[in-house]
Each structure stands twice: as C-alpha cells, then as structure tokens.
Amino acid sequence: MAIWLHVSTRSNVPIYVQLIEQIQHALEVGTLSPGDTLPSVRELASELSIAPNTIVKAYNELQRMGFIESRAGKGTVVLGKVEETVRARQQEALLENLRTLVHDASELGLSAEALQAHFEEAMKQFFTKRQQRGKL
Amino acid sequence: MNDNTLRMQSRNTSAQALISNIAIEIENLTVNYGKNPVIKGLSLEVPVGSIYGFLGANGAGKTTTIKTLLGFRPPNSGRARVLGYDVVSQQREICRRVSYVSETNSLYEYLTISQLCHLCRDMQQHWNQEIVNRYIHTFELPLNKRVKYFSKGMKSQLALCLALGNDPDLLILDEPTTGLDPVARQVFLTTLVSDVAAAGKTIFFSSHILSEVEAIADHVAVLHHGSIVLNDEVDNLREMQKVLHLTYVEQPPAEELERLRRWPGVHLFEQEGRTVRLRIEGDVDALTKSIQARPYEPRNLEVVSVQLEDLLIEYIKGGGK
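Chains G and D, in that order, are what the protein sequence lines are.
Take the first sequence: its letters are residues 1 to 136, numbered as in the UniProt record's numbering.
Take the second sequence: its letters are residues 1 to 321, numbered as in the UniProt record's numbering.
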C-alpha cells in the first residue's frame, strides 16, 4: 500500500517529521504524483504500527505546507505544483551542506586556499564533462 | 430537586469533556494510603484517540492512579473524570465504556476460554463475541484448555481479547506486555495500534518496557513519588535534550567552567582536563553561540541528541530537573 514509507521509532528525528520528509521525497522522485491519494490515517497507523495522532500531525503539517489537501469523500490528495517548493527546499538543504563541508574541512586543517582550489577543480571537472556530453 | 440539579450538572460536564476531546482529566489528585500520600497533587490530561504511555518506577503510584480512574479507590482530594464521567459519582458509566487489563490479570483459572466468554457475555451489556473470537484466533489461543494451564503471556493475551469484547472507548492497561515473548509482544502491540487506536479509541497504558513506549505511544507521562515529572508528546521528547562535547585547546579557567555549569537548562556537567561534557535541555543554539563567542573557544564542539530511552530513564529516576 505504502511500502515506500518506513519510520524508525528509535530515531531522534520525530516520527511526524520522518513522515513529512519521506512523503516530500516521494514527491521529488515521483513515487507520488499530483492527484494521487495518500493512505487514510487508519490504514497508515495500522500498516506502520504507529499512533494515529502522529499521522494526523504529519498530514496537518503537509496540508499547511500546501503539499496535500483532504477532500470530502476522496481522502487525502496530493496537490499539483509542488515541484517549485520542493526544489527550493532541496537547494536550501544543499547549500547548508556546503556550509557544513567548509566548517569540517577547516576543522581538519585544510586551508581556505586549498579548499577553494579543490572546489574550483571540482567545478571545472563537472562543467567540462557536461559541456562535452552536450556536444555529443 | 437537588438530585435533578446534580444530574443536569453531570450531563453538562460529560458533554464538555466530549467537546474538548479529553478522555481522561485528572485535577490536583491526592490519594493517601493511611497517612501516607501515594499520589500528590497529580494533574494530567489524556486526549481522545491518543496512545498514552504512563511510566514510573515501582511504587511511583501508577497502579494507584489507574485504580482511582476506575473508581476502585476514592481520591482524598482533587478530582478525576474519565470520558467525562466523575470517578466517584459515575463509576457505573465508566465501567460500561472503559476496559481494563490489570497487571495480575485475575481470570477464573479453572474455566476454559469458551466458558469465560459465556460468563463475560452475561455480565457485559454490549458483548461482541465475533470480535473476541477474531483476537483469540490472532493470538492462537486454545479454546478448550483451562486457563490455569496457560503461560503468563497467554493469560495477558486472553485478558486483552476479553477487554476488547465490549468495544470500549478507552482501554486502560497496567503493564500489559509483562511476560510476553518478543514475537507475542509485537503481535500484541500491533493489535493495539491497528485495531484499537486506529479506530479512534484511546489507550492509556503503564509500562516498564521503554522500547514499546517509544514504538507506539504518542504521549508520555512520567510519575515519580506520586507526582508528574515529565509530560509531553513523544515526538517532542526525541529532540528535547542534547549532549555537548567540548574539547578546548587548554583547560579553561574555573570561572569559565562555572559559567557553563550555570547556563539555563544545563545539567549533568562533567569535566576532565580539556574536555567538557554536558547535557542541555532547551535552547542549544544560544549556548553554542555563546561558547563560540568566548575567548576560550573550544577546538571542537559536537552536539549529539539524547536517546529517548536515556531521557525517560533519567526522569523515571526522578532526575530530570
């Protein structure tokens, strides 16, 4: 039914946050498409063996964020036009990773110049390859 | 006249409780055994539809609280309402809508399951044998064997089957899975979630097994010496405390260490030479920023979340704050 969902009750990440992240991920990779129906709270609680209130909390939050909508008689439906939101969120997360990377590199004793050189090298490699592929 | 007014009032309170979505409401409850207070000014609200874990060391007062909720023990002061009904004056209503599985599950040992079901059917107003049969089948319990030959685990399973027979709005369980093997426990918990909670019913259970609280509860309260020391949504507790590991270039002066120790929310402060380890509850970012702005900035600063189980154990021991 929703085998792409899995929660870890031993994690420090709140379960409702895990659910939100996984549903967002399913939207990003296309497991879920606009117009799809999410399992009902009851179905999901019983499938994942987690408290129904936790699922209600996740669904409410996703609804507030504009990803889903509950419709009378149809259940909880995935909305269209979520791609932009998802992309912006992904970019934000990525840039945060970059900041962490810089911090960790400096902790490990890499100088700013060395780090910059490596970064530029990686940029060059990636975009040259991409250009070549474009030509083919 | 008086009687009527009373009845009107009680009807109002139950209506209010239904509207406010609270299954159990305890206000400033005190229960004494002789002169000793066992429950001291306990207040608690259990929302309808929640799976509420009730924790505490042996003797903390869990069973006494539960007995008060069922109307078996009158409060010395304060009050409690279950599904909107007062535990003292409306115990009959509570019994009709609440099922209870005790830790000792005293079943009639010389009867078989079939005979026990007959007995229950005669005693309960709304008895649904089909539901009971379904659970007996789920747990693979033998119908024609006397209960006294059952294992401890089988007895707990049977007690749950019978408790679900009158389709309760609230299920109160006192250490329900003690004595169950891991597989049976898994089946037991899954049944609770998928059949009881998913149908919108409320579950209030006491337990010593933290992993099962972690797995199925959405709320938890910790009782210590008759008072609530922790009460929150389980998801909030997963991120409540952090451990900070600090490694300084050289040992910071005593006043700097004292400053960290006295930071709001810091407890369990340990220091060994250049390393400091502390637990903090609340705003970690404010502390890390403050540390980084000091002249004794550490060479390394690591933040790790405290595992829910460790947090619960700390509160059960009465630490916490």
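Because the hints were derived from the structure by calculation, they are not lab data.
Beta carbons are placed, not taken as given, at the ideal position from N, Cα and C, and that holds for glycine.
Be careful, since some hints might not be right.
[As the list claims (entries may be wrong)] Now the stretches of chain D that chain G is said to cover, found in silico as 3 or more residues with beta-carbon under 8 Å:
1. 47–58
2. 194–208
3. 245–252
[As the list claims (entries may be wrong)] For lysine to aspartate or glutamate, the following EDC-like pairs were computed, each having C-alpha atoms within a straight-line distance of at most 16 Å:
4. D:Lys148 - D:Glu175
5. D:Lys152 - D:Asp232
6. G:Lys57 - D:Glu103
7. G:Lys74 - G:Asp36
8. D:Lys67 - D:Glu25
9. G:Lys57 - D:Glu109
Going down the list of hints, with the structure as the test:
1. 47–58: holds (count 4)
2. 194–208: holds (count 6)
3. 245–252: violated (count 0)
4. D:Lys148 - D:Glu175: Not satisfied, since the Cα-Cα distance of roughly 20 Å exceeds 16 Å.
5. D:Lys152 - D:Asp232: Violated - the C-alpha atoms of aspartate 232 of chain D and lysine 152 of chain D are around 32 Å apart, more than 16 Å.
6. G:Lys57 - D:Glu103: With Cα atoms ~32 Å apart, lysine 57 of chain G and glutamate 103 of chain D exceed 16 Å; violated.
7. G:Lys74 - G:Asp36: holds (10 Å)
8. D:Lys67 - D:Glu25: holds (14 Å)
9. G:Lys57 - D:Glu109: violated (44 Å)
In summary, the numbered hints that this structure violates are 3, 4, 5, 6 and 9.
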